[in-house]
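Visitor: Please take these sequences and the hints and turn them into a complete structure.
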Amino acid sequence: MNWESPAAFFAMGGYALYVWGSFGACAILLIMEPMLAVKRRTSILRSLRRERLAETLENP
Amino acid sequence: MNNSHKIIHWFKYASPQSFYPLAGKLIPWFWALAAVFAGIGLWITFFAAPTDAQQGEGYRIIFIHVPAAWMSMFIYMVMAAWAGLGLALNTRLSGMMAQALAPTGAIMAFLSLWTGALWGKPMWGAWWVWDARLTSALILFFLYIGFIALQAAIDDPRRADKAGAILALVGVVNVPIIYFSVKWWNTLHQGASVSLMKAPTMAATMLWGMLIMSLAFWMYSIAVALTRVRAIILEREAHTEWVKELAEVKGVTP
Numbered sequence: 001m002n003w004e005s006p007a008a009f010f011a012m013g014g015y016a017l018y019v020w021g022s023f024g025a026c027a028i029l030l031i032m033e034p035m036l037a038v039k040r041r042t043s044i045l046r047s048l049r050r051e052r053l054a055e056t057l058e059n060p
Numbered sequence: 001m002n003n004s005h006k007i008i009h010w011f012k013y014a015s016p017q018s019f020y021p022l023a024g025k026l027i028p029w030f031w032a033l034a035a036v037f038a039g040i041g042l043w044i045t046f047f048a049a050p051t052d053a054q055q056g057e058g059y060r061i062i063f064i065h066v067p068a069a070w071m072s073m074f075i076y077m078v079m080a081a082w083a084g085l086g087l088a089l090n091t092r093l094s095g096m097m098a099q100a101l102a103p104t105g106a107i108m109a110f111l112s113l114w115t116g117a118l119w120g121k122p123m124w125g126a127w128w129v130w131d132a133r134l135t136s137a138l139i140l141f142f143l144y145i146g147f148i149a150l151q152a153a154i155d156d157p158r159r160a161d162k163a164g165a166i167l168a169l170v171g172v173v174n175v176p177i178i179y180f181s182v183k184w185w186n187t188l189h190q191g192a193s194v195s196l197m198k199a200p201t202m203a204a205t206m207l208w209g210m211l212i213m214s215l216a217f218w219m220y221s222i223a224v225a226l227t228r229v230r231a232i233i234l235e236r237e238a239h240t241e242w243v244k245e246l247a248e249v250k251g252v253t254p
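Which chain is which? The protein sequence lines are V and B, in order. Just so we're aligned, residue 1 is where the first sequence starts under the numbering used here, counting upward by one. Just so we're aligned, residue 1 is where the second sequence starts under the numbering used here, counting upward by one.
Hints are not guaranteed to be accurate.
[Said to hold, decoys possible] Cut-off 20 Å, straight-line C-alpha distance, at most; resulting in silico cross-link-like pairs (SDA-like, lysine to any residue):
(1) B:Lys250 x V:Leu45
(2) V:Lys39 x V:Leu29
(3) B:Lys244 x V:Arg50
(4) B:Lys244 x V:Glu58
(5) V:Lys39 x B:Glu235
(6) B:Lys121 x V:Gly13
(7) B:Lys250 x V:Arg40
(8) B:Lys250 x V:Leu53
(9) V:Lys39 x B:Arg236
(10) B:Lys250 x V:Ala54
(11) B:Lys250 x V:Ile44
(12) V:Lys39 x B:Pro103
[Stated by the list, open to error] Pulled a few chain B residues facing chain V out of the computed Cβ check, cut under 7 Å:
(13) Trp114
(14) Ala231
(15) Val249
(16) Gly251
[Said to hold, decoys possible] Chain V stretches covered by chain B per the calculated footprint, using a threshold of three residues with CB under 8 Å from any CB of chain B:
(17) 8-14
(18) 20-34
(19) 48-60
Derived from the structure by calculation, the hints contain no laboratory data. All C-beta atoms in this analysis are idealised placements derived from N, C-alpha and C, irrespective of residue type, glycine included.
Guide: In structure tokens:
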């Protein structure tokens, strides 16, 4: 452990803007990207299910 | 005989129909590995790695800057290889794989530029310089954007794959330019810290941190690309019988 206090950790020796700006952007993008990929699959699945329902209603 | 059996086995997974469930089974494992490596990697980044003598705490950006930059180049090579395979063999899955990798590669390229700017400002005094390494990395980002935009502009997916493949293959020339730019030109950017040819020029803890973070990025990229390729397979194969017979489409199980 090389931090004297939580405040020292967040201050990053005066480089807080640069370090947290880097790690923050990284965290945001790498959390959003999988969410969008999952959403893309659920939305195509929803439309496939709707299509299937329409087909069964047309030809019972 | 044994050999031909193996070939058939591999071609089996080259069809979207058999790759779709396989990818579904693999995804949770890659997420788990990504989480484990990210946990260890972040612990090394912030707690195990000592303060740098010259750069203080600011150097800790290296633990995401280098893995993102490596992945941006590596994903490009894999994407171009899939695209080229699709062009040569006309296999359906290849184009889908290339399309699934492009956004992840673009994000990695963006992160390498972003973290590079945030590291450059305190250490060099500039967010950006038009130097060989930075400029070629920016071109890589534009190549990803160009690939995505070109594919989106063409309605027929097979034609989009072909056009994208040519762009991707021509763009491969940029990858060695990025990698060797620090050797070929006088640049502000430091040389490679890790190389296969010689011993690394950094402390063991830092090296391990960087390698483990790279593994985390690697596992993440595989997991997210497989998730996206499953969506692309469903989109493109929407009117095939096997998609209509899938449990998640029939609504038998969620």
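Visitor: For every hint, state whether the structure bears it out.
Guide: Cross-check of the supplied hints:
Of the supplied pair hints, the one linking lysine 250 (chain B) and leucine 45 (chain V) holds, its CA atoms being roughly 10 Å apart against a limit of 20 Å. Taking the CA atoms of lysine 39 (chain V) and leucine 29 (chain V), the gap is about 15 Å. The hint holds against a cut of 20 Å. Restraint check for lysine 244 (chain B) and arginine 50 (chain V): the C-alpha separation of about 11 Å stays at or below 20 Å, so the hint holds. Between lysine 244 (chain B) and glutamate 58 (chain V) the alpha-carbon distance is near 16 Å, which keeps this suggested pair within the 20 Å criterion.
The suggested pairing of lysine 39 (chain V) with glutamate 235 (chain B) holds, with an alpha-carbon distance near 13 Å, which does not exceed 20 Å. Under the criterion of a C-alpha separation no larger than 20 Å, the hint pairing lysine 121 (chain B) with glycine 13 (chain V) is consistent with the structure, at around 15 Å. The straight-line distance between the Cα atoms of lysine 250 (chain B) and arginine 40 (chain V) is roughly 18 Å, inside the 20 Å bound, and the hint therefore holds. Of the supplied pair hints, the one linking lysine 250 (chain B) and leucine 53 (chain V) holds, its CA atoms being roughly 9 Å apart against a limit of 20 Å.
Proposed proximity of lysine 39 (chain V) and arginine 236 (chain B) is supported: the alpha carbons are some 16 Å apart, at most 20 Å. A hinted pair counts as satisfied when its Cα atoms are at most 20 Å apart, and lysine 250 (chain B) with alanine 54 (chain V) qualifies at roughly 12 Å. Of the supplied pair hints, the one linking lysine 250 (chain B) and isoleucine 44 (chain V) holds, its CA atoms being roughly 13 Å apart against a limit of 20 Å. Distance check on the hinted pair: lysine 39 (chain V) and proline 103 (chain B) sit about 15 Å apart at the alpha-carbon level, within 20 Å; holds.
Because the beta carbon of tryptophan 114 (chain B) sits about 5 Å from the nearest beta carbon in chain V, less than 7 Å, this interface hint is met. Interface hint at alanine 231 (chain B): satisfied, since its Cβ lies 4 Å from the closest Cβ of chain V, which is below the 7 Å cut-off. Hint status for valine 249 (chain B) relative to chain V: holds, with the closest Cβ pair at about 5 Å, below 7 Å. Below 7 Å, beta-carbon pairs count as interface contacts, and glycine 251 (chain B) has one with chain V at about 6 Å; its hint therefore holds.
Only residues whose beta carbon comes within less than 8 Å of a beta carbon in chain B count, and the segment 8-14 of chain V has 4; three or more means the coverage holds. By the rule of at least three residues with a Cβ nearer than 8 Å to a Cβ of chain B, the coverage given for the segment 20-34 of chain V holds, with 9 such residues. Counting residues of the segment 48-60 of chain V whose CB falls under 8 Å from any CB of chain B gives 4; the rule of at least 3 is met.
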